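Chemist: Those sequence lines, one after another, are chains W and H. Heads up: the first sequence begins at 1 in this note's numbering, then just goes up one per residue. Heads up: the second sequence begins at 1 in this note's numbering, then just goes up one per residue.
Keep in mind the hints are simulated off the structure, nothing from the lab. Be careful, since some hints might not be right.
Covered, in the sense of this in silico footprint (three residues per stretch, anywhere, with C-beta under 8 angstroms from a C-beta of chain H), are these stretches of chain W [as the list claims (entries may be wrong)]:
#1 171-185
#2 223-236
#3 250-259
#4 267-276
#5 284-293
Every value quoted in this text rests on a predicted model; they were computed, and no experiment measured them. The beta-carbon is built from N, C-alpha and C at its ideal position, and this holds for glycine as well.
As a plain string of letters, each chain reads:
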Amino acid sequence: MVSRMAAKKKTIRTIPQQRTPPREQDPQVRARNFEEVNCGYRPEDALREADRCLLCPDQPCVRGCPVSIDIPAFIERISAKNYRAAYDVITDTNLLPAVCGRVCPQESQCEGVCTVGKSLEPVAIGRLERFIGDMAITEGWANIPYIEPSGFKVGIVGSGPAGMACAADMAKAGCEVTVFEAFHQAGGVLKYGIPDFRLPNSVVDAEIDKLVRLGIRFECNTLVGRLFTIEQMIGEMGFHAVFIGTGAGYPSFMGIPGESLNGVLSANELLTRCNLMHAREFPSYDTPLQPGRQVAVIGAGNTAMDAMRVCLRLGADKVHCIYRRSAAEAPARAEELHHAVEEGIEFHWLTSPVEILADGKGGVRGLKCVQMELGEPDASGRPRPVPVPGSEFEFDADMVVFAIGTNANPIIGQTSKLALDRRGYITTDESLATSIAGVFAGGDIVTGAATVIEAMGAGRRAARSMRAYLGLRDTNVVYRDGADGIRPKLFGIDLEEHDFALVRLPRPSGDNTPGQPVSTRPGATGTP
Amino acid sequence: MADPGRPSRFEIVTREDFSNVTFLLEIYHPMMAKAAKAGQFVIVMEQAQGERIPLTIADYDRQRGTITLVIQAVGKTTRAMQQNCQRGTCLHAMVGPMGIPSHIGQARKVLCVGGGLGVAPVYPQARAYKDSGAYVIGIVGFRNKDLMFWEQRFRACCDELIVCTDDGSAGIKGLVTEGIRQAIGGHSDIDECVAIGPPVMMKGCAEATRPSGIRTIVSLNPVMVDGTGMCGGCRVKVGERVMFACVDGPDFDGHKVDFDDLMFRLKRYNASEQAASARFADGCRMRDPVIAAAAGPQNATQ
Numbered sequence: 001m002v003s004r005m006a007a008k009k010k011t012i013r014t015i016p017q018q019r020t021p022p023r024e025q026d027p028q029v030r031a032r033n034f035e036e037v038n039c040g041y042r043p044e045d046a047l048r049e050a051d052r053c054l055l056c057p058d059q060p061c062v063r064g065c066p067v068s069i070d071i072p073a074f075i076e077r078i079s080a081k082n083y084r085a086a087y088d089v090i091t092d093t094n095l096l097p098a099v100c101g102r103v104c105p106q107e108s109q110c111e112g113v114c115t116v117g118k119s120l121e122p123v124a125i126g127r128l129e130r131f132i133g134d135m136a137i138t139e140g141w142a143n144i145p146y147i148e149p150s151g152f153k154v155g156i157v158g159s160g161p162a163g164m165a166c167a168a169d170m171a172k173a174g175c176e177v178t179v180f181e182a183f184h185q186a187g188g189v190l191k192y193g194i195p196d197f198r199l200p201n202s203v204v205d206a207e208i209d210k211l212v213r214l215g216i217r218f219e220c221n222t223l224v225g226r227l228f229t230i231e232q233m234i235g236e237m238g239f240h241a242v243f244i245g246t247g248a249g250y251p252s253f254m255g256i257p258g259e260s261l262n263g264v265l266s267a268n269e270l271l272t273r274c275n276l277m278h279a280r281e282f283p284s285y286d287t288p289l290q291p292g293r294q295v296a297v298i299g300a301g302n303t304a305m306d307a308m309r310v311c312l313r314l315g316a317d318k319v320h321c322i323y324r325r326s327a328a329e330a331p332a333r334a335e336e337l338h339h340a341v342e343e344g345i346e347f348h349w350l351t352s353p354v355e356i357l358a359d360g361k362g363g364v365r366g367l368k369c370v371q372m373e374l375g376e377p378d379a380s381g382r383p384r385p386v387p388v389p390g391s392e393f394e395f396d397a398d399m400v401v402f403a404i405g406t407n408a409n410p411i412i413g414q415t416s417k418l419a420l421d422r423r424g425y426i427t428t429d430e431s432l433a434t435s436i437a438g439v440f441a442g443g444d445i446v447t448g449a450a451t452v453i454e455a456m457g458a459g460r461r462a463a464r465s466m467r468a469y470l471g472l473r474d475t476n477v478v479y480r481d482g483a484d485g486i487r488p489k490l491f492g493i494d495l496e497e498h499d500f501a502l503v504r505l506p507r508p509s510g511d512n513t514p515g516q517p518v519s520t521r522p523g524a525t526g527t528p
Numbered sequence: 001m002a003d004p005g006r007p008s009r010f011e012i013v014t015r016e017d018f019s020n021v022t023f024l025l026e027i028y029h030p031m032m033a034k035a036a037k038a039g040q041f042v043i044v045m046e047q048a049q050g051e052r053i054p055l056t057i058a059d060y061d062r063q064r065g066t067i068t069l070v071i072q073a074v075g076k077t078t079r080a081m082q083q084n085c086q087r088g089t090c091l092h093a094m095v096g097p098m099g100i101p102s103h104i105g106q107a108r109k110v111l112c113v114g115g116g117l118g119v120a121p122v123y124p125q126a127r128a129y130k131d132s133g134a135y136v137i138g139i140v141g142f143r144n145k146d147l148m149f150w151e152q153r154f155r156a157c158c159d160e161l162i163v164c165t166d167d168g169s170a171g172i173k174g175l176v177t178e179g180i181r182q183a184i185g186g187h188s189d190i191d192e193c194v195a196i197g198p199p200v201m202m203k204g205c206a207e208a209t210r211p212s213g214i215r216t217i218v219s220l221n222p223v224m225v226d227g228t229g230m231c232g233g234c235r236v237k238v239g240e241r242v243m244f245a246c247v248d249g250p251d252f253d254g255h256k257v258d259f260d261d262l263m264f265r266l267k268r269y270n271a272s273e274q275a276a277s278a279r280f281a282d283g284c285r286m287r288d289p290v291i292a293a294a295a296g297p298q299n300a301t302q
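Isolated chain H, as found in the complex (with noise of 0.2 angstroms):
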């Protein structure tokens, strides 16, 4: 597999589902591998009449030559992705590394902020500061303990690991805020603080933060189509300006960014995307039997 002269053709090598919603899946691009950053993120296309979608770079090895990313299913796009996204298919396009790489500067003690999908995004970064000789204050924040992942990988990259679930099933029960203030009440010199999840967890974190002045970091997530700067349907407010997430981004400060605005954005095109989801899901309900039946003879045939 570690072939760097094969070109991509956007090949899943490995696939491990975290949850019935949430999977990984690690894709060979040596290309990809080798330029790859922590912070940046790629477009990828399921399938030819599909939607463009960025996803950030949960993992990247430049041995392996293969790209990690890890999807929530909640759309028409990611609902079909779990589906149809098994070891050895392809995706129809993936392009990328996309994005201002993460800036890991001289920070001696970082907080790494993870909430539910975050929590893969943010391990780059963790690894990151570790490797640049930084203290690392891992949080990373799920529902409950059925949905957690990665634990091992923090642990191994973090001098401390706060784990917080909703229930408390795992670590201590409270959102990340709760781990960051904890974080803060016990350490006095936290430099900076990386915050990657959902808009509103990030928008927590970075009122968190606000009032002890800690730098905070963010990585935006909106609507995208071609991911180069050239359809500005990404663009977000930043203290007084108006940014592009994919070309000046995806990395903002935390403590400008109109996060309620970036949330109203959101939802843009929230009417089609569950239009889309139902018909999806109508579609596996009436295609299942189909397929179960068709899947004998053709595995036969091929």
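Isolated chain W (complex conformation) (with noise of 0.2 angstroms):
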């Protein structure tokens, strides 16, 4: 197959023009039920998507992908038909490629540098991705290779996003992992935060299973700072190295008057209350939650978008979206605004509010908004919106919910001497380390509110920084027999190892597929 394609060399004309769609649950019945709403691609429909990539020799979409996943390889395996393969080559670099698949801004990621898409739209390698990582839960795969203890005591803090991927690499590199979380359930923003319709929390729960398979300990109810701190975990709880990812948490208000009536809440506690604790299943699960009638949802990032999704499905009449800037400015993720606008959301671009109306009985009546208008640009480059002068009005609403940015939580702060810049923000340098000798820090709590896969690539680095701290050898790095001849070898190991406790062989002949290291004892092949 491979060879027949590579035979007949595809070009931008010889390709399916139009992206496949992927099946989508009709935008009137999915707007009432927690379904998820893209119900993923078939084989014939990831067959056909996957005959759009080029292959091109340039690869831009690797680079585009904050975790370097090897695009054309798996796409070019799905084309082979070997799913198996394309789920190796994945999670090579990637554990969670069902949730990746699914939560990864795409468009502005490896689709939107891909070559198909300066002519055409880009490949949907998102929904191809995301068709392995279902095909890999359904199938039962996981990839657990060979570890060789390495004795070292890794304790994450967070089992969010960055928390999983640095516990994921850390375990491989034969690390002892534990990860801390304070909920009742892992999984961080994935659980709590993005809903079912979006993503399931079955599927983070079967890629939660995975990282168990590696071996590693999710310690739930465990508030650290509080319970223990940053530095007991290095000192008498003997961790060797510590990753905190946890996230940034703390919602914004904007501090106009009536935030603190009732039906005022922060999209966080709608999400949370919806989908961790169940609220929308009242009274079978005991956590209330007051649905809105009419609902303004302030802010047009992707958690704006769920809680005004989640409001409808909730049973809300209207819900509206406020946003002081402009459509192309808006944060979210194109098919999360795109599926918002098919469930019938009303949006109102270039609008402030100003003001929470009280219904006289602690309730919300409704919001008192401004117009706004597009100046200069702002420090973000984005053009500054201004309010138009005598342009307010109001609009009947009983629920306001505000999902307008995080800040940093400061439980780290308050208990640990972790350097900490103005905001509140963990200061870490390139290679993510701390001012703490072994703590590392990526994701929400470093950078502010990003996605999931920016957190995720923040935890690999950060691991492979923890390996580097530990004298670990990089595990990541596939080392092949000398044949490129570029980097000196010395029976057949890359002299650039400083350890030479695993050692990786190339694979005896057929598929070259990188991450499939056959491990020896150390000794096996001497040590110089």
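Work from the hints to combine the two standalone chains into their complex.
Modeler: Below, the structure written as structure tokens:
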């Protein structure tokens, strides 16, 4: 198959011109249920879409991916119907394909730079990744490599995407990894934040199960900082290295009148009640959530889209999106915005709330807003919205949800001597090392609110630095035999290695899939 | 039991009923017992489908490795706990200690005021002040004599103890604010006052100390979900600022807290809570005979 394709070179004219649409629930139906909106590709869809990849030598998509998945390689294996091999390629660098295929903002990453995308719609890389991730869950695939224990103990604070990615890499490097989570369930924002219709919690659990099979221990109900401190972890508790991926969390409000009215809440609270605590199944579950009939959600990021669509599904008659900039500046993932429009969310662009109006009984009666217009670019490079004088107007709402971003969570700062920046985020150097030796940090608690895949990328970057700190060899680098002749080798071992505990040998024959190392005991190849 | 190596399953090792609504649970969690300080709280889930409720730590015992909670059965979850949390059973989850510990400073003479359920959480503060060498005046208030508990514990760590009951069946007749007035009348050199209890009682205490300018610390108990600063449900107005009780508190300056706002926000989920409580009460009535009938054979098989 592969050779046939190589023989007949694909060009932009020969590939299917249209991007293969995924099967989706009808907007009218899905706006009232919590089933997944995007039902994913069937094999025939995946094959057709895989055929759209030119397998171009430039591979801009790989550079566009925060974790550098070898995208053409896995697509090529899909075309060859070798789905398991495609899974192996992805899991070389990304342990959670079913999650990332769903929640990555592909349009600004891999798909945004796709060669096909220059003339046609880009290859639907995210959907293909999800196709493979879902198949792995159904088929029960998991790539559990042979792991040589390194004797190091690593502690991870927070079980969200950053923590999970770091944990996976450190476990593969032979470390004994424990992940601490304050909630009663692991998964972080993937569980409490992203709703089931976008990322089912069962998918998150399936991915976590793979981490457990790598030997990672999850300790829930553990509030690091208060139950024990970061300093205690690297001191008396005997962790050789610690990664902090606690996320940003602390939701922002605007400070406008009426914010403490009942019926005003953060998107985090709404989503946590609904997703993690199952308030939508009240009274079978005990956590309540007063549903709004007319909901105004402030903000236009992914969290805002999730909050709006959750409100619809909880039975709201009308859901408004209030955003002070225009649609072009909305930070949400394109697909989410598109889905929200389809489901009938009413968008008020260039609108900013000035007051939440009380109903006299402690609740919300409406929202007073002002029209905005775009002015000069601000620090973020986006045009700064400025209020139009005298343009105030009111509309009815009984629930107001703030989804305008988050500030740094203060707990780690309160309880450790880690250096923080002015805004309370953890200060790190390039390698994500913090001011305490052996302690690394990444994700939202370093950068401020970002995306799942960026947090995963940070987790992996921290893991690399952590291995260097511990003197472990980098198991992510695939050491092939000296055929390339570039790096000096001794007995087939890369001389840049400073630790010979784990040696990867080239596979004897066939598919030179990276990440399938044959490990040998130290000494088997002789130490210099 | 004092095996610090055994991980916690949130096992209840002691249960004591103070009245038909108030009960005490002592939960095995050596790590938390070691970390807990006065003024902190935990979040518990009674069962997997339960809600997360914040409860102030009423005591901790580092030797026994336990955390003590005193609970008033008022809503669905706390009533379910009253029914189900027996010695030897386990909670589904307990996380903590949460919140910034109370600052036990250099105060030489302090008032520790507890009203109703607040009596239990003010105890570790009274003890901590006593340990710091302060002169401690305890003021505890109950509706009547039958609801009283922990009198001996307080006597052991207070230099003076003023008991107040609504009906005068024990101590002085009146609210804890009456006790505060008496204490202030008898001592002109009180440095600090700690008041814990229902919001309306803490508001009263703050007003009682305001004229004499005694620094008054209150411990706030708004609605929470995660308790880690993530949901913002527990935001409270303190002076000009909005703070999250879970990570910026739970202790705040009582003279600056907007109690009316707090009381309003505590009613956010009243309708759902009342519905759940009513349903729970119905369920109990319906289930009771079934439980009684099933209990025999089940026990026999175990």
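Chemist: Does each hint hold? Answer for all of them.
Modeler: A quick look at each hint next to the structure:
1. Counting residues of the segment 171-185 of chain W whose C-beta sits closer than 8 angstroms to any C-beta of chain H gives 3, which meets the bar of three, so the coverage hint holds.
2. Residues of the segment 223-236 of chain W lying with their CB closer than 8 angstroms to a CB of chain H number 4, which satisfies the three-residue condition for coverage.
3. A count of 5 residues in the segment 250-259 of chain W with a Cβ less than 8 angstroms from any Cβ of chain H is obtained; the coverage claim is therefore met, three being the minimum.
4. Three residues within the 8 angstroms Cβ limit are the bar, and the segment 267-276 of chain W against chain H gives 4, so the coverage statement holds.
5. With 7 residues having a beta carbon nearer than 8 angstroms to a beta carbon of chain H, the segment 284-293 of chain W meets the requirement of three or more and the stated coverage holds.
In the structure shown, no violation is registered for any of the earlier numbered hints.
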